[in-house]
Each structure stands twice: as C-alpha cells, then as structure tokens.
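There are 2 protein chains.
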Amino acid sequence: MHYYLGIDLGGTNTKAGIVDDQGKIYCKDSIKTFADRDQYEIVHDMGTLAKRVIDACGIPFNEITAIGVGAPGTSDNVTGELIFTGNLSFRHMPIRDEFHKMIDLPFYIGNDANVAALAESKAGAAQGSQSSVTITLGTGVGGGFVINNRIYSGFNQAGCEIGHTVVVAGGEPCTCGRRGCFEVYSSATALVRDTTRAAKAHPESILNQLILDNLGHVDGRTAFIAMRAGDPTASAVIEHYIEMLAESLANVINSCMPEVIAIGGGISHEGDALLLPVRDRALARAFLAENIAKPRIVLAKMGNDAGIVGAAMMAMNCMEDGLIG
Amino acid sequence: MHYYLGIDLGGTNTKAGIVDDQGKIYCKDSIKTFADRDQYEIVHDMGTLAKRVIDACGIPFNEITAIGVGAPGTSDNVTGELIFTGNLSFRHMPIRDEFHKMIDLPFYIGNDANVAALAESKAGAAQGSQSSVTITLGTGVGGGFVINNRIYSGFNQAGCEIGHTVVVAGGEPCTCGRRGCFEVYSSATALVRDTTRAAKAHPESILNQLILDNLGHVDGRTAFIAMRAGDPTASAVIEHYIEMLAESLANVINSCMPEVIAIGGGISHEGDALLLPVRDRALARAFLAENIAKPRIVLAKMGNDAGIVGAAMMAMNCMEDGLIG
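Residue numbers (our numbering), protein chains in the order written: chain S, 1 to 325; chain G, 326 to 650.
One chain only, chain S, in its complex shape:
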C-alpha cells in the first residue's frame, strides 16, 4: 500500500494527515497557522506538524511516498514555489526546497480549491466521474475543475478561478478588482451582506428581530432560519441568493460541461433547501438539448477533510505522472 502525506495550509489552521491511495485518512493533526508571521516560520511549523503526524501514525516512513500541500493563492508545482497568497504573506517562497531540508520525500503543491475538487473526484461526491467542478461557498467562492481525475489548472497552473467570473457586469465590487463576480453573490460573505441590508430595510421583519436577539450577529444561516420561521424578508434574501447561484452554476455548465458539480462550503450545510431549487434552475437554463445527458449537481461530501485528502491525492497523481518533486 502507498500512503501520502496531505497538508492543508489555511489562513487560520494548518492540517496534515496520512492518506492512502483510495483517499482514506489514517491519522491527522492540526496547528494554528498564525498567518501574520514570516513565511519561513510558517513553513517550518508545517514541517514540524508533518513529522509529528508521520511519527504518530505508526506507518513505516518508507511506505509514505510523497507530500502534497494545498495552499491558497498561486503556486508553481514545477519550480516548487508558493508564488503568492492573498490572506497569508507568501511571496515566491521556495517551499519544496524548504521541505526537502526537513523531510526527505517528493513534495508537490497546488491550489487549495483545486485539491479540494480532486478530493471530491477521487473519494467524494464526484467519484467515478469523467469530469467535475467543485464549488465551495465560503468566505469566497472557490472553484476547482477536474478532468479524468487530474486537476485542470491551465497552462500556467493559475486556473480555474470560477468564483471570479462576472455574472452582473458593473455589479457589486469584488476583492479581485472586478464588479459582479459569482463570488460577490454566492459566497457566505455575500449572503451576510444581503441579510444585513434586508434586515435594515425591514426593521419590522422576523429577520431583523432574529439579528437583534443575537446581539447583531449575522452569518450564512441567519436568513435561512428566518425564512423557515415564515419571514418574507428572509425569503426574498434566500430567493435572490438561490437565483444568482443557479445563474452562475448554469454558466459553469455552459463553460466547463462537467459530469458533476459538487457544492461545498458552509452554505452547503443547508442541504436540500439550497440544493433542490438551485439544481432545478441551473439545469433548466443551461444549454442542453433535450436528449442530452445532464450534469449531476450534488452536495460535496469531503467536508473539512477535502484539503488533506485532495493534497495527498494530488501528490499521488504527480508521482504517477512522473513529475519531479
């Protein structure tokens, strides 16, 4: 059996686990990232975490084949550099070289949304599919495109940033500098923004009362809760959210035509209340002739383990493809 060490570098936590070639996690551990530190300190701690997980796991070191890291931002898996991250301080970090000083294993790196999509393809909601796009509805909207069980990240390894495709030209401002991106209508952040606006515009609403009862706290669940309590203001917020998500998913179908679209991230915990209307609308408006097989739109399955498993599976793919790590 071959095992791989997967590391999920996040803005808050850094997680690591030992994963087999089927995507099963044998043991895992995590540390706080403390994102505002020097990039070399963060990488050093990642190495210490990796060694700790290997030691704790009990699997002989020579059965561990490679290390994979899923990181935010842009990395270069040829040179082994973490080129740029938004929330963290990484700038042209030679992370493969640094890891080689600590652990003598082939080392690979990819984008966190891309490896999460690979995890869904290898062991999750898109298992067995020819192609899939995994959309993560979190602080932002992450997107990863997998074809034939390989991440498709384009000629420069910088794709696919599906969350930054504009669906409302001139619309709400996005952190990427454009206006009207998928992300600014379908992220948890967008839903919080629209929930807050609607509550202010309708002080008499159940939604506003719910927020007051929670001392002003609003999150991605707030409008769903008020909707279930029968509040029309909240229903309108959710209706708009679902409508915009369906519009963007129809765009994903028409541009990428994946066999499976897996929806993950915090908002996906709403389950069928979100999934069913979004699926119906997205498939109804996608460009699909009558007798053509339709993409399956489903909830993602890998949850918080997507990063670890995906990073490990990415390392496995790189080894199979003979890439230098």
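Quick caveat, the hints were computed from the structure, so don't treat them as lab data. All values derive from a computational prediction rather than experimental measurement. One should not assume that every hint holds.
Claimed, not checked - One-sided and incomplete, this derived list gives chain S residues near chain G with beta-carbon spacing under 8 Å:
# : residue
1 : G80
2 : V167
3 : L212
4 : G216
5 : E259
What the hints assert, rightly or not - Computed list of lysine-lysine pairs in DSBU-like fashion (alpha-carbon distance at most 35 Å, straight line):
#  : chain 1 : residue 1 : chain 2 : residue 2
6  : G       : K426      : S       : K301
7  : S       : K101      : G       : K619
8  : G       : K426      : G       : K525
9  : S       : K32       : S       : K51
10 : S       : K32       : S       : K301
11 : S       : K294      : G       : K626
12 : G       : K619      : G       : K357
13 : S       : K101      : S       : K51
14 : G       : K619      : G       : K525
15 : S       : K51       : S       : K28
16 : S       : K294      : S       : K24
17 : S       : K294      : G       : K619
18 : S       : K301      : S       : K51
19 : S       : K301      : S       : K28
20 : G       : K426      : S       : K294
For every residue, glycine included, the Cβ atom is placed at its ideal position computed from N, Cα and C.
Please build the complex by placing chain G on the supplied structure of chain S, with the hints as guidance.
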C-alpha cells in the same frame, strides 16, 4: 502521408476538402445546403459532395483515412448521430450509418465551433499551445475549448457553449432562453442591434447619416466605419462592444485558463482596432498574480477554412485515439 476528408455543414453552404495531417487543404468544393429540406436529402448531398472532392483531388482513395464532419448543434460521436441542430432540421439523424452506405471510410462528427477551435490549435493562431479557446464573433458567439490538441466537449460531448454564459444577469434576451449571455453583447447581431439603437437615438450623428446613405443597411462594420469618421455616437457603441467583449474574455480566462484565446468571425476583421483594447482590458481584469504567465489573446487565422480543417483534424484525432468510426 495520411489524408482526411473534412466537411463543414453550415446553414447556407456545405463545404468539403481533403486535408493532410498538418492541416493543409489540398482541394475543396462546396454546395448550397438548402437548409429547409429533409435531413436525409441533405446528408445524401453531403455524400455526393464528398465523393466529388475525393475524385477531383487525385489522391488515391486508400490514402484517405477518415471523414470528419463539423455540424451546428449537438452530435454524438460515439453513436454517430447528429442529435439536434437549431438552424437545420436534424433530429437524431444516424449520419454515420448513412455515410457508410455511401463511402466506406471511418466517419466522425463534432460541433462546428469545437472543430473550428481544433483547426486553430492544430494549424492556426493557437498552434503549439497547451490549451486554447477560440471565440467566433458571428451571427452568434461560438466557443470551442481545446486541451492538449483534443477538443474538450465534456462528458456528454455537448460543451462548451461559452457564448451562453451570462455576463449581465437579467440583461438582453438570448435565443437560448436566458438573458444577458456573452452572445447578446458580443455577436455581430448584438453590434447591429446596438448600432441601430444608437443611430435612432442620435438622428444627427454621422452613424445615422451613414445608415441612411446605405438605404438602412446596418452590419457589424457600420459603427466601426462611423467611429473612424470621428462620430462620438459610433465611438460609444464600439466602446460598449469592446468593454463587454473584454468582460466576457476575462471570464473565459478565469473559467478555462487557456494559453491562447483566438478571436475569429466577421467582427474580428476589424483587426487591431478590436484586438488591442480588448486584450489590454481582458488581461488587466483577469485573476492573474503579478508574475504569472498570461494567456495570449490573438486573432484567429483559419478564416473560412476552419470548419473543413477542423473537421479533418478531429477525424485524425479520433483515428489516433482508436475510436470506432
């Protein structure tokens, strides 16, 4: 040397040519399609045209390896069916079987925009690229996505309909049933619509005078001509056209991250007046970290031969991949 017969089935003309494995055309011919006829009659004439081109070419029949057809709409290259076309009457036409009755050669079929993109990848503006998207600015907006010299058309062979990704939710109505698609802002049809509207709103403009001088005729060149004559009304029309095209091309980059975007179709004949501002704006707003290689946005090169060459190259790929034809 291997030769392939490429057929470009269009709403007005049907073209056929003998093409070598480098994408060079040796001879070609065409007939009127007469689109409102029975689908079997059209296919019979396609076969007659194919035989005529083979006879006229002088290349021995046993050096012609396969036939490829690029057709509008949706086809199934596994079953050999032309499933559905919008402008033509095809509905579940067993076109491979019909061709086999006429010509004893392996037969393959694909979407016309997809094979045109393959032609650019094999022998045109995207030659040598790892991946490319070819966008055709014509009556509609056609899109084809090529990865590693193979058409990417998704798990159901029905992708990629990039022209039907929404960029203005709730915007202008599109023939696909949605509103605000790439196509309804960037096709020649869209430019004619906006040119006509602007001329009506500004009867004093050079643009309006130009249209009156042409007995009311408007086409994709009209606003460009009036702009070059210094007309601010026409300049505003072109500015809007370029802005929307740049927005959609930035979406293509963020969703598909191709190494090359090739722009073809009637409007692309405007050359640098179109290409340069669109390229600058699309690259400036795409999600690309500073030191990341950027896609090349260029004019397509294959012109009216794209369909014949692409259909032939598709047939070549299918033979290489061992697909049953």
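Status of each hint after checking the structure:
1. This hint is violated: S:G80 has a C-beta 15 Å from the nearest C-beta of chain G, more than the 8 Å allowed.
2. Checking S:V167 against chain G by beta carbon gives a least distance of about 5 Å; that is within 8 Å, so the hint holds.
3. The criterion of a C-beta within 8 Å of any C-beta in chain G is not met by S:L212, whose closest approach is roughly 32 Å, and the hint is violated.
4. The criterion of a C-beta within 8 Å of any C-beta in chain G is not met by S:G216, whose closest approach is roughly 30 Å, and the hint is violated.
5. With its C-beta approaching chain G no nearer than about 4 Å, S:E259 sits inside the 8 Å limit, and its interface hint holds.
6. Pair hint G:K426 plus S:K301 does not hold up; C-alpha atoms about 50 Å apart against a cutoff of 35 Å.
7. For the given pair, S:K101 sits about 32 Å from G:K619 by alpha-carbon distance, which is consistent with the 35 Å threshold.
8. Under the criterion of a C-alpha separation no larger than 35 Å, the hint pairing G:K426 with G:K525 is inconsistent with the structure, at around 55 Å.
9. In summary, the hint linking S:K32 to S:K51 is supported, as the alpha carbons are separated by about 16 Å, within the 35 Å threshold.
10. Note on S:K32 and S:K301: the hinted pairing holds, with a Cα-Cα distance of about 24 Å set against a maximum of 35 Å.
11. Distance check on the hinted pair: S:K294 and G:K626 sit about 34 Å apart at the alpha-carbon level, within 35 Å; holds.
12. Between the alpha carbons of G:K619 and G:K357 the distance comes to roughly 42 Å, so the proposed pair goes past 35 Å and is violated.
13. A threshold of 35 Å between alpha carbons decides the hint, and for S:K101 with S:K51 the separation of about 12 Å falls inside it, so the pair holds.
14. Proposed proximity of G:K619 and G:K525 is contradicted: the alpha carbons are some 40 Å apart, above 35 Å.
15. A C-alpha spacing of about 11 Å is found between S:K51 and S:K28, which places the hinted pair at or below 35 Å, so the restraint holds.
16. About 30 Å separates the Cα atoms of S:K294 and S:K24, which keeps this hinted pair within 35 Å; it holds.
17. With a C-alpha separation of about 33 Å, the suggested pairing of S:K294 with G:K619 holds against the 35 Å cut-off.
18. Restraint check for S:K301 and S:K51: the C-alpha separation of about 28 Å stays at or below 35 Å, so the hint holds.
19. Restraint check for S:K301 and S:K28: satisfied, since their Cα atoms lie roughly 18 Å apart, inside the 35 Å limit.
20. This hinted pair checks out: G:K426 and S:K294 have alpha carbons roughly 32 Å apart, not beyond 35 Å.
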